[in-house]
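In order, the protein sequences belong to chains E and X. Throughout, the working numbering is defined as the position within the first sequence, counted from one, plus 6. Throughout, the working numbering is defined as the position within the second sequence, counted from one, plus 195.
Source of the hints: derived by calculation from the structure; they are not laboratory data. Keep in mind that a hint or two might mislead.
Label-pair ranges, simulated between beta-carbon atoms [what the hints assert, rightly or not]:
no.	chain 1	residue 1	chain 2	residue 2	range
1	X	Glu386	E	Ala76	39 to 45 Å
2	X	Leu217	E	Arg541	47 to 53 Å
3	X	Phe214	E	Leu309	53 to 59 Å
4	E	Pro148	X	Glu275	57 to 63 Å
For glycine and all other residues, C-beta sits at the position ideal for the given N, C-alpha and C.
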Amino acid sequence: MIRSGAAAPAPRAALGSTLPRLLSARAADASGRRVALRYKDRGIWQEFTWQDYLAHARAFGLGLAALGLAPGEKVAILCGNRPEWLYAEVGTLAAGGIAVGVYQDAIAREIGYVIDHADAAYVVAEDQEQLDKVLEVREDLPKVRRIITVDPKGMHRVDDPQVTRFPEVEALGRELDAAHPGRFDDLLLNTAPEDIANIVYTSGTTGSPKGAMLTHRNLINMALTFAEVDPVRPDDQLFSYLPPPWIGEIAMSIATALVFGIPVNFPEEAETARDDGREIGPTVLFGPPRLWEALTSQVQVKLMDTTPFKRAVYRLAMRWGYRAADKRLRRQPLGPADRVLSRLGYLLAFRAVLDDLGMLRIRHAYTGGAALGPDTFRFLRALGLNLKQLYGQTEIAGFSCVHRDGDVRFETVGRPIPGVDLTLSPEGEILERSDSVFLGYYKDPQATRAALQGGWLHTGDAGQLTDDGHLVVIDRLSDVMRLADGTLFSPQFIENKLKFSPFVREAVVVGHGRPYVAAILNIDMPVVGKWAEDRQIAHTTYTDLSQKAGVYDLIAAEVRGANESLPRSARVRRFVLLYKELDADDGELTRTRKVRRRVIAERYAHLIEAMYGASADRIPVRATITYRDGTTAVVETAVRVAEVAGG
Amino acid sequence: MVILADDPLLEVGDVSLSFGGLAVLRDVSLAVRPGERVAVIGPNGAGKTSLLNCVNGFYHPQAGRIRYRGREITRAAPNEVARLGVARTFQNIELFTGATVLQNLLLARHRHIRYGLLAAAVYYGRAQAEETAHRARVEEVIDFLELEPIRHAPVAGLPYGLRKRVELGRALATDPDLLLLDEPMAGMTVEEKRDMVRFVVDANEALGATVLLIEHDMGVVMDVAHQIFVLDFGVLIGHGPPAAIRADPRVLRAYLGQEAMP
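Model the full structure from these sequences, guided by the hints.
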């Protein structure tokens, strides 16, 4: 394998630079011929050097300039994880433009909102599907001058003067380059560390998305300070599979990769990411809680299918793994026996499991974005995965707190990274200061003032600090709930407990101003479906399966299990199994799959009322379900309210 | 829009086929011009699949003639017809279930293999270069049909809808000039059907394959086909563009009357 990025220049100097200038310098120095990007195409890993990367970004940036991009104009990028995303992003920045990532799974209306609000003059749309969505709302996008498509597939039908292909833009750029060879360097010199590089739209659990303006320095500072905690090594491999508009991807695949010169690897398709990731063997991996939950449930499902012998070996190894992990989490020293046994467990079982998950080479695994259930966390640590929590937000260009190796606890998100001042407001809100704090929200001075009041970034999260400086995130300040008798509880904490069950995919806890806690649950269709199949419970749709008596009994047992680790006052007393999956397309989840409580409280008010009714019973439901392609179907069923014994 | 040349690519003239005393096709004639998408519809047992079987050489009709590119293929064997650039898919999916998707598609390149046994044995020079080119072509098909996630999956374990897509892939991997599709959307979910329609239209428009398809789903046929031929008990009872078929009273009586028009 080709190693790359050994000769990184003194990184702190990067603070005086910009992202495209870093790329230019990287391509020009000794590392220029090393691998910068890998992309699986036609089933084969294609490698691109830093020089290739620069050549494309240069051509695309100049192409934009040739089309008429003026400095400070925005380019909306609707692209998945592939090299063209980086070419478009860094090319835009080189030409003095501002990149605006748009989530690909958003529906046309949402995409239109961001493109229009950001005043984007150009839109990069990856493929026909994305192009179709943009064209659908084109009437509402008078400021867009040109739409640039990346993947030629299916484009033969498109004959539209506003649509240009990516290679055509690059060709324009190369022409401009040939005619004015100094032009690109002039453009680069005009980029300044204080310039806005990205406007990152936050999905926001309430209201319309807001565009956080981040400068080159914000992002470069993030890469540098984060690496002070977990140093980047020249042989590190990044794996880019999370949505490119997410701040974490920008901070790692763009800022960290450029500052430290480490390669970014892209999967062939979103569906092949797991296998492609295994082939790459990333050393550093970020994942939202959903990923770690999915992996946990995957291990558990596969375990159900394996031989009794293997299962027995695994169980034994897990016992040793848990013991070592628990001691580490409590910061107790490991005895020689613990060391030998956890090593043995690794050789017998964990190695194979981690390899199957593609996590064998990982030095640092991170979870963030929302709280991860402690049981999932403990499980993965027991497997020997160096999983750490981090905390942060778009407004601070990524991350502000992380666990240090050897000081990991599942109830905290670690300590602030260097350069971050962190304090709590009298109301318990987490406040932060650092060189990575954003400039403000685009075209929203009111929200900016509120977020940056008194020189601190107001995170909107309720937190506590431990005596030794670890941050504990309780919940969104607005989401901490109070039962009728005044007991405080965090719905998210309870939801995570519930979601540790492989059978529960999504959980929404209610109880504000009520006598007890209740929950709306989504079953995990593949896992519950398999469970039902094994027991010969015939079922058809999600709706049908969710209302089976056997499934209710199964989930009731899971809820009882979760209740055991909850304080008595915060236990789930009643629940319903929802007849449909909560969906971002119905506005019930954000694009990053956080639950929108207000929407759910309104839409399922009748179910919630029933859970606080006199007797648990069946409630008739008639609902319209909207599919991704816009078609709708009507579902009629009766939803049962279940009582949890001992709740 | 596709430019339609006047000379038909495929000409079926007065074809009659019977098994024992059972007449399956009676004096059936149709023409498919280059670049067209032509559909044959009709109720169960109308003889649609038999017609395709005659075209690709599985059956030899007792009367009439079939011409492809002006050349008579009435008596040609299936492998000869395939070599001329005619590929087909089957109603009951005929793939090598023990082999992977990739292997099935590579097999389809057989008609293009030019190297000999000796070259294959040493796998050097021409054999190696050709195999690389075949793999590249197959990868284009994989990309075209979005088969990447199942490239190395054995066909046996794939769901029905995906197998249908793989079968289309195998047909496309032969670089056909004429694509015979036997109910490509049968038994699929709404979403799978929609994908399949897109693939068939793209195969025609972007890859330039002429398409002759049999389909049961009237909505699909009306959307996809330039020309429709209607068979009823082995007899051709009408043909024309979708709009004309929709309005033809004989067709409505014989076939569409049984179902509501979409």
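Do the hints match the structure? See the list:
no.	hint	verdict
1	Glu386/X <-> Ala76/E: 39 to 45 Å	holds (43 Å)
2	Leu217/X <-> Arg541/E: 47 to 53 Å	holds (49 Å)
3	Phe214/X <-> Leu309/E: 53 to 59 Å	holds (55 Å)
4	Pro148/E <-> Glu275/X: 57 to 63 Å	holds (59 Å)
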